[in-house]
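J.: Chain by chain, the residues:
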Amino acid sequence: MNLKLLEEENVLHAVITGEIDHHNAVVLREKVDRQIAAMRPAGLVIDLSGVTFMDSSGLGFVMGRYRSMAGIGGQVTVKGATGRVETILQMSGAYRYVKLLDE
Amino acid sequence: MNLKLLEEENVLHAVITGEIDHHNAVVLREKVDRQIAAMRPAGLVIDLSGVTFMDSSGLGFVMGRYRSMAGIGGQVTVKGATGRVETILQMSGAYRYVKLLDE
Amino acid sequence: MKTVNFVRMTLPAKSVNEAYARVAAAALASQVDPTIEQMADIKTAVSEAVTNAIVHAYRGQEGGLVYITMRLMEDGSFIVSVRDRGCGIGDVRQAREPCFTTAPSEERSGMGFSIMEAFMDKLQVRSAPGRGTTVTMTKRLGR
Amino acid sequence: MKTVNFVRMTLPAKSVNEAYARVAAAALASQVDPTIEQMADIKTAVSEAVTNAIVHAYRGQEGGLVYITMRLMEDGSFIVSVRDRGCGIGDVRQAREPCFTTAPSEERSGMGFSIMEAFMDKLQVRSAPGRGTTVTMTKRLGR
Ligand SMILES: Nc1ncnc2c1ncn2[C@@H]1O[C@H](COP(=O)(O)OP(=O)(O)O)[C@@H](O)[C@H]1O
Ligand SMILES: Nc1ncnc2c1ncn2[C@@H]1O[C@H](COP(=O)(O)OP(=O)(O)O)[C@@H](O)[C@H]1O
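Residue numbers (our numbering), protein chains in the order written: chain U, 1 to 103; chain G, 1001 to 1103; chain P, 2001 to 2143; chain F, 3001 to 3143.
Bear in mind the hints are in silico, worked out from the structure with no lab data behind them. Watch out, some of these pointers could steer you wrong.
No more than 27 Å apart at the CA atoms, straight line, and that leaves these computed lysine-lysine pairs for DSS-like [what the hints assert, rightly or not]:
1. Lys1099/G x Lys1079/G
2. Lys2122/P x Lys4/U
3. Lys3002/F x Lys3122/F
4. Lys1004/G x Lys3014/F
5. Lys3014/F x Lys2002/P
6. Lys99/U x Lys31/U
7. Lys3002/F x Lys2014/P
8. Lys4/U x Lys99/U
9. Lys99/U x Lys79/U
10. Lys1004/G x Lys1079/G
11. Lys79/U x Lys4/U
12. Lys2122/P x Lys31/U
13. Lys1099/G x Lys1004/G
14. Lys1031/G x Lys1079/G
15. Lys1031/G x Lys3014/F
16. Lys31/U x Lys79/U
17. Lys2002/P x Lys2122/P
18. Lys1099/G x Lys1031/G
Modelling step: build the complete structure from the supplied sequences, incorporating the hints.
T.: Spelled out as structure tokens, the structure:
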């Protein structure tokens, strides 16, 4: 798993590649929340296009960031989810809380 | 593991790709010996350039074909061995029996 | 039903072994030439079950062990069971409900069992409080 | 020396599991970021030991089991032991000599133990005729 954090205007982009499981999600959570606290962005975009594996821990990570951002009045957008990653987001109803960016 | 058998003039080329272990060597032996019996070539060239893994079962396969070919008065040449595959051939003394083709 | 091949393994309840268990399951399933989708389903379901043993059964305690048995059956199905000797589940029916979790603070979504159920053909959960849990899943492989 | 992580597994003595054992060993070793060469050494040595259990210990008989224990140690070394309950080895010293084999007709080269010794840092062979054999190998990992 690899995480790249990019700031663009007042939006934080978290570009994740590789596998997201509980082991990695703990690391992701810590790093992204630290950046949210420091930057207080208006929006967070989670880019999952390079994710090769994700289980419900990834879902927990996405919903957890929804809560982090809600705490500072910001929004979360997910983009690039395909295959099983997309299936998991759909079946959980996560899209009632986070926005899906279609490209 | 994949085996391609090519005839070129009176020489049989066995082009092996993937992994050679005991499980695969049994299959290789059977296929190559059948072709040797049918074609009775003057030479057998074993191309190992696409081999990603080989243990001593591969060595047994090479030496076994040396014996098959010796039985009909033919020679064996090995080409394309690199890394651990080459180390194994060198340390066994196989090159006292089979020729090494340098390219 | 005849077992064609199997692997039985024991590994510590450490989060780094979630990936290990996925690789181990995929490597056995690959012996019967499954589709990419079937492989993804198995990896996801095994990851959920092993994560539950680590997160819930032993609650991150050192020393817990996870026992995995995987079998390839004659009819091409893959059966995996993940067992722990952890705290167990009092109400299995409730635990299996979508979005039910006892660990929201650890960002668990409560979707683990739902995903196992959706991605595999069969899911069985046996548990005894204080004794541990065994999750057994079946997936039919082949094209 | 403290064990950082380990996997214990049991699998049938079938030749298709030679590749399985290599993947299983490589997956554990990869947790400490070894070099490509160290990975190749471990895969080769494990393949030799598991093949011996299948070919020699059980002589291709159905029902034999191979027991593999792999450990990652605190100092970065990888210890793997491959055990069988097969025929055992009467003269271990002779068996370890280069080119010694009892199965030339099966195209064994007699180089298995020599390769394990050359590719790993330590090789120990314990065997009792009629009871089985345990091969234990150590490899120091890291750059
Ligand atoms: N192996 C286990 N041992 C103890 N409790 C478990 C185990 N697996 C699941 N549970 C319980 O069932 C609940 C639901 O599990 P699951 O659907 O996988 O969601 P999550 O892991 O996100 O909580 C867990 O929150 C936990 O209380
Ligand atoms: N696990 C085992 N059980 C019984 N005999 C064994 C075992 N491993 C090795 N041997 C004996 O030791 C000999 C040498 O083994 P090895 O150096 O690996 O070469 P090879 O496998 O090519 O014969 C074998 O031919 C066999 O007689």
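J.: Run every hint past the structure and note whether it holds.
T.: Each hint tested on the structure:
| no. | hint | verdict |
| --- | --- | --- |
| 1 | Lys1099/G x Lys1079/G | 9 Å, holds |
| 2 | Lys2122/P x Lys4/U | 38 Å, violated |
| 3 | Lys3002/F x Lys3122/F | 18 Å, holds |
| 4 | Lys1004/G x Lys3014/F | 26 Å, holds |
| 5 | Lys3014/F x Lys2002/P | 15 Å, holds |
| 6 | Lys99/U x Lys31/U | 21 Å, holds |
| 7 | Lys3002/F x Lys2014/P | 15 Å, holds |
| 8 | Lys4/U x Lys99/U | 20 Å, holds |
| 9 | Lys99/U x Lys79/U | 9 Å, holds |
| 10 | Lys1004/G x Lys1079/G | 15 Å, holds |
| 11 | Lys79/U x Lys4/U | 15 Å, holds |
| 12 | Lys2122/P x Lys31/U | 37 Å, violated |
| 13 | Lys1099/G x Lys1004/G | 20 Å, holds |
| 14 | Lys1031/G x Lys1079/G | 19 Å, holds |
| 15 | Lys1031/G x Lys3014/F | 21 Å, holds |
| 16 | Lys31/U x Lys79/U | 19 Å, holds |
| 17 | Lys2002/P x Lys2122/P | 18 Å, holds |
| 18 | Lys1099/G x Lys1031/G | 21 Å, holds |
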